[in-house]
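Sequence order for the protein chains is A and B. Using this note's numbering, read the first sequence as starting at 1 and increasing by one per residue. Using this note's numbering, read the second sequence as starting at 1 and increasing by one per residue.
Where hints are given, some of them may not hold.
Think about it this way: if two alpha-carbon atoms lie no more than 30 angstroms apart in a straight line, the pair counts; the simulated BS3-like pairs of lysine-lysine are [to be verified]:
#	chain 1	residue 1	chain 2	residue 2
1	A	Lys567	A	Lys549
2	B	Lys462	A	Lys582
3	A	Lys202	B	Lys462
Hints were generated in silico from the structure; no laboratory data involved.
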Amino acid sequence: MTIEQLIWLVPLLPFLGFVINGLGRKSLSKGLVGIIGSGVILAAFIISSFIFFSLQGDTQKSHEVFLFDWISAGTLHIPLSFLVDPLSSIMLLIITGIGFLIHLYSTSYMQEDEGFGKFFAYLNLFVFFMLLLVLGSNYIVMFIGWEGVGLCSYLLIGFWYTNSAYASAAKKAFVMNRIGDLGFLLGVFLMFNFFGSVEFAKIFPQAANMLPGNNTLILITILLFIGACGKSAQLPLFTWLPDAMAGPTPVSALIHAATMVTAGIYMIARSSALFDLAPFTQHIIAIVGAATALVAAIIALTQTDIKKVLAYSTVSQLGYMFLGLGVGAYTGSFFHVLTHAFFKALLFLGAGSVIHAMHHEQDMRHMGGLRKKLPVTFLTMMIGTIAIAGLPPFSGFFSKDEILAHAFQYSPVLWGIGVLTAFLTAFYMFRMMFLTFSGKYRGAHHEENHVHESPAAMTTPLIILAILAAIGGAINIPHVFGGNEWLAHWLTGAGVAQHELDLSHSTEYALMGTSVVAAIIALIYAYTRYVNGARVPVADEAPRSVLAKISYHKFYLDEIYDFIITKPLDAFSRFFYSVLDKKFIDGLVNGLGWSTNEASKGVRLLQSGNVGFYIFMMVIGIISLLAYTFYYI
Amino acid sequence: MEQLLLLIFIPLAGALITAFAGKSAKIVSTVFSVASLGLALFIALNFIPDASTQFEVNLPWIADLGIHFHAGIDGISMLVVLLTNLLIPIIILSSYRHDYHNPAAFYGLILFMQAGLLIVFTAMDAFLFYIGWEAALIPIYFICAFWGGKDRVRINMKFFVYTIAGSLFMLMGIIYLYLQNPAHNFEINAFYALSLDSEQQGWIFWAFFIAFAIKMPVFPFHTWQPDTYTAAPTQGTMLLSGIMLKMGIYGVIRWLLPIVPTGVQDWATLAMVLSIIGIVYASLIAFTQKDAKRLVAYSSIAHVGLIAAGIFALNQQGMQGAMVQMLSHGINVVGLFFVLDIIFSRVETNKIEELGGIAKAAPQLAITFLIILLGTVALPGTNGFIGEFLLLMGVYNYGIWAAAIAGLTIIFGAVYMLRMYQNIMLGKTNELTITFTDIQGSEKLVLYIICALIILLGVYPKPLLHLTEASVQQLLEQVNQKLISVK
Numbered sequence: 001m002t003i004e005q006l007i008w009l010v011p012l013l014p015f016l017g018f019v020i021n022g023l024g025r026k027s028l029s030k031g032l033v034g035i036i037g038s039g040v041i042l043a044a045f046i047i048s049s050f051i052f053f054s055l056q057g058d059t060q061k062s063h064e065v066f067l068f069d070w071i072s073a074g075t076l077h078i079p080l081s082f083l084v085d086p087l088s089s090i091m092l093l094i095i096t097g098i099g100f101l102i103h104l105y106s107t108s109y110m111q112e113d114e115g116f117g118k119f120f121a122y123l124n125l126f127v128f129f130m131l132l133l134v135l136g137s138n139y140i141v142m143f144i145g146w147e148g149v150g151l152c153s154y155l156l157i158g159f160w161y162t163n164s165a166y167a168s169a170a171k172k173a174f175v176m177n178r179i180g181d182l183g184f185l186l187g188v189f190l191m192f193n194f195f196g197s198v199e200f201a202k203i204f205p206q207a208a209n210m211l212p213g214n215n216t217l218i219l220i221t222i223l224l225f226i227g228a229c230g231k232s233a234q235l236p237l238f239t240w241l242p243d244a245m246a247g248p249t250p251v252s253a254l255i256h257a258a259t260m261v262t263a264g265i266y267m268i269a270r271s272s273a274l275f276d277l278a279p280f281t282q283h284i285i286a287i288v289g290a291a292t293a294l295v296a297a298i299i300a301l302t303q304t305d306i307k308k309v310l311a312y313s314t315v316s317q318l319g320y321m322f323l324g325l326g327v328g329a330y331t332g333s334f335f336h337v338l339t340h341a342f343f344k345a346l347l348f349l350g351a352g353s354v355i356h357a358m359h360h361e362q363d364m365r366h367m368g369g370l371r372k373k374l375p376v377t378f379l380t381m382m383i384g385t386i387a388i389a390g391l392p393p394f395s396g397f398f399s400k401d402e403i404l405a406h407a408f409q410y411s412p413v414l415w416g417i418g419v420l421t422a423f424l425t426a427f428y429m430f431r432m433m434f435l436t437f438s439g440k441y442r443g444a445h446h447e448e449n450h451v452h453e454s455p456a457a458m459t460t461p462l463i464i465l466a467i468l469a470a471i472g473g474a475i476n477i478p479h480v481f482g483g484n485e486w487l488a489h490w491l492t493g494a495g496v497a498q499h500e501l502d503l504s505h506s507t508e509y510a511l512m513g514t515s516v517v518a519a520i521i522a523l524i525y526a527y528t529r530y531v532n533g534a535r536v537p538v539a540d541e542a543p544r545s546v547l548a549k550i551s552y553h554k555f556y557l558d559e560i561y562d563f564i565i566t567k568p569l570d571a572f573s574r575f576f577y578s579v580l581d582k583k584f585i586d587g588l589v590n591g592l593g594w595s596t597n598e599a600s601k602g603v604r605l606l607q608s609g610n611v612g613f614y615i616f617m618m619v620i621g622i623i624s625l626l627a628y629t630f631y632y633i
Numbered sequence: 001m002e003q004l005l006l007l008i009f010i011p012l013a014g015a016l017i018t019a020f021a022g023k024s025a026k027i028v029s030t031v032f033s034v035a036s037l038g039l040a041l042f043i044a045l046n047f048i049p050d051a052s053t054q055f056e057v058n059l060p061w062i063a064d065l066g067i068h069f070h071a072g073i074d075g076i077s078m079l080v081v082l083l084t085n086l087l088i089p090i091i092i093l094s095s096y097r098h099d100y101h102n103p104a105a106f107y108g109l110i111l112f113m114q115a116g117l118l119i120v121f122t123a124m125d126a127f128l129f130y131i132g133w134e135a136a137l138i139p140i141y142f143i144c145a146f147w148g149g150k151d152r153v154r155i156n157m158k159f160f161v162y163t164i165a166g167s168l169f170m171l172m173g174i175i176y177l178y179l180q181n182p183a184h185n186f187e188i189n190a191f192y193a194l195s196l197d198s199e200q201q202g203w204i205f206w207a208f209f210i211a212f213a214i215k216m217p218v219f220p221f222h223t224w225q226p227d228t229y230t231a232a233p234t235q236g237t238m239l240l241s242g243i244m245l246k247m248g249i250y251g252v253i254r255w256l257l258p259i260v261p262t263g264v265q266d267w268a269t270l271a272m273v274l275s276i277i278g279i280v281y282a283s284l285i286a287f288t289q290k291d292a293k294r295l296v297a298y299s300s301i302a303h304v305g306l307i308a309a310g311i312f313a314l315n316q317q318g319m320q321g322a323m324v325q326m327l328s329h330g331i332n333v334v335g336l337f338f339v340l341d342i343i344f345s346r347v348e349t350n351k352i353e354e355l356g357g358i359a360k361a362a363p364q365l366a367i368t369f370l371i372i373l374l375g376t377v378a379l380p381g382t383n384g385f386i387g388e389f390l391l392l393m394g395v396y397n398y399g400i401w402a403a404a405i406a407g408l409t410i411i412f413g414a415v416y417m418l419r420m421y422q423n424i425m426l427g428k429t430n431e432l433t434i435t436f437t438d439i440q441g442s443e444k445l446v447l448y449i450i451c452a453l454i455i456l457l458g459v460y461p462k463p464l465l466h467l468t469e470a471s472v473q474q475l476l477e478q479v480n481q482k483l484i485s486v487k
């Protein structure tokens, strides 16, 4: 079996799962739904692995598989075709691999939910669209997946739609994504005009012959970056992602780790040939990324909802990845996508395990002391926390430091922001861990004895992910540690631009040392505060300092957007409707029509009201007109 | 040629028989409309998708005035003929739950209107075109005025007068062209061949444009539309929004562009600006509408604005996008109005804030409504995407800023549609919606057909694009050649 023969199965299987579970959600048993839903993803993972390994042994690193002609108009031809190369094949592994673990976990987590079948149908659909996104051989097929995951996030965030706040969060996610999508679309139009194609294989070779700083390329890349900002939750479009935790926790794991938010980074890595020629855009990306990383980390410091902390940490980590993309560390960013997928899936599923045990309590102020009760969850989440904090030798350390080293080379200021963010990250993550697992139990007393570890279907994924989060860094050990940077070599086969670090080993050691020390200080500070000091965040209404207020209220961004965008647009809407439309334009029309109206009164008298008679007369009229014809023939 | 005559004759005969069919009018009209659809499909299957005019009929009619019964079908006509004959049975089927008083007249009028529409969409003689144009208007006027809701008489008088006024401008234009024509006939090809100077073309442009712009409607000629759509019985709204407004779009493509290309070129910027203003303006108004039917009415103005913009961009992508979107918009808007009709039939209101939580009680309706809505907001994989993508690309080729502003429909459409969906379907059930029953029988059938079409055309639009491609290309070449020869 060759790659060409197999690849279409990878997206088709989840799609079949969606159809079967969607149609059979009422008639199939939960067990069967779970088996089908997870089974199709597992099968897709097995095929993806096969494809991945056969690609390794293959001299030809990129395979285009044509399915059918989709849209054509004039010179525009858009085939539905797939591209299998090192970049997409590794994405397939992440999506189906982590996706499978999340499905497996969900069979237990969602067991009590009445929408079990629907949930699995949506999850399958989500994976399907994500696979389409990474497999597309042109920007339009990518766009199907791009908007498709937007739809699925809408469906899943609003899964418990009877809660109108959740439904609003779903809508917000969709709309914010759409803002980015418009940018993406315009970028695609521009590319079509400029390159005469939307196919990767036609665009990138042409770009290779261009000089850096081409204005059109800058515009194209900025528009694409706007798209990435929506999907990958960057400033100013990130506010949907924290709200997205309204969905069931496995959904958060799926959105934050395996799918959706990685799309923007994937897209830019895929288009690195273009971005590399647009230094201006790269500059913007680096700044936006660094700013997002810092802002989200500051917000995460004071959050009290365990999922919100994780949500902001995702935004912050995505900021890192964009910082990496901006400074030209495409491999580093992609590396971080990979390691982040491991530890963030782990952390969300772990949080889900805690929430499950605590009977849907998400507020860390009501947790505490869960270490003994949830040992597996605690241990695995601790590994995830160490990984995200960037402590060696866990995976996050390697990927984060690769980004930071490139950032240092690009601009020490950006590096400084990166290290500061690393410090904050370690602090709020350990804060979360200590608040949840150390100290005394602060939850409802009568439930204390009912808190127990989750079943194996939930802990097994945690353990697997914990192992990956621990050792995942091995795929791209830098030269400075005697590694061979396997991932960088692998991605070169997909045309992902590589930039060598031009730093001495001693500088590299110093940089790493700085960020590790920063993380350790943060850890100790968090320990003294929340374990020794046993501090618990204050109640919502309690007074806070100005800075804490800003952090706790997320820089008031939602309020600001509401004030400068939503409210004015609604005001315009009402003004346009009741004044401009009703009074002015329609007033003019009525004025103009008045005399005609008067004149038509006479005609109205001829109407008798018998419609059958009218039809009869009309048909007779037409027939007599026609008959006139035949009279003359 | 027999097929084309038959195509017009079936609904005409159907109208007559239905008008005297009494209580069985529903069934009789269904039979005729399905037969029409069958014939249209047959014609489409035998249609060779090149640029030629096929199934042509050319009979002398009122010879003294050089009027011919001249009709034919090219790719562009084929598409709108399919649209008409596809939607009419769906619209009739959608009325099955209703017991309209005087059904014989109601269904007879629908079929009569169909005949008028088919004449409009196939006419190659300006006089015939005009006859069809008015023949389609009269029945819809009656449908809205007799079976409509509150305040229908006043609203319909305005609608009627407004559109008639527009058509009179067109009539003047046609007569002027006739007088300029040395052959003294109303042949479309003779009109194409006329060489008019740019001032003449300007006048003709406006005469036609106003008629078409009112019909679509294009901003600022739209104020009749929301009231009319809201007050009309659902089937009337469907006929107006699904098919009738396409008369205006078709008119622009068939009559306006090729006859007065210089006029179009001179005024295209203005037409473009109006179209794009319409998109943003109507979308914004839709944001805060309280009545769902009115909200959809405004959204339709926005969508039609984009179609108009795509056409006035005068390029292949825009024009092909307009073609696909005519069909897609017809299907989707009929679906939306049907969903609102289903809701109204259960709870007697379309006021958004009085509803909520229906999804819980009616999951099937929730899913089908969502699919239609996704088609409307142009999600890839639905029919709406193919059209909007090509339209925006066409507008983009006209100018990046035009596309950026027109593209706001992508965002705004999601805002007002999802707001509506959330307020109607999601959230908690209230005392009004708690007893809501899910869709059944004919409702299911109609919604399933519509959803299937939405996905089918979104995933595999190739046959549709292929159908119109050659004709559109020829039309654009014709326009361009004429523009060059003027210079």
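How the hints compare with the structure:
1. The straight-line distance between the Cα atoms of Lys567/A and Lys549/A is roughly 24 angstroms, inside the 30 angstroms bound, and the hint therefore holds.
2. For the hint pairing Lys462/B with Lys582/A, the CA-to-CA distance comes to about 42 angstroms; that exceeds 30 angstroms, so the pair is violated.
3. Taken as a hint, the Lys202/A and Lys462/B pair is honoured in the structure, with Cα atoms around 22 angstroms apart against an allowance of 30 angstroms.
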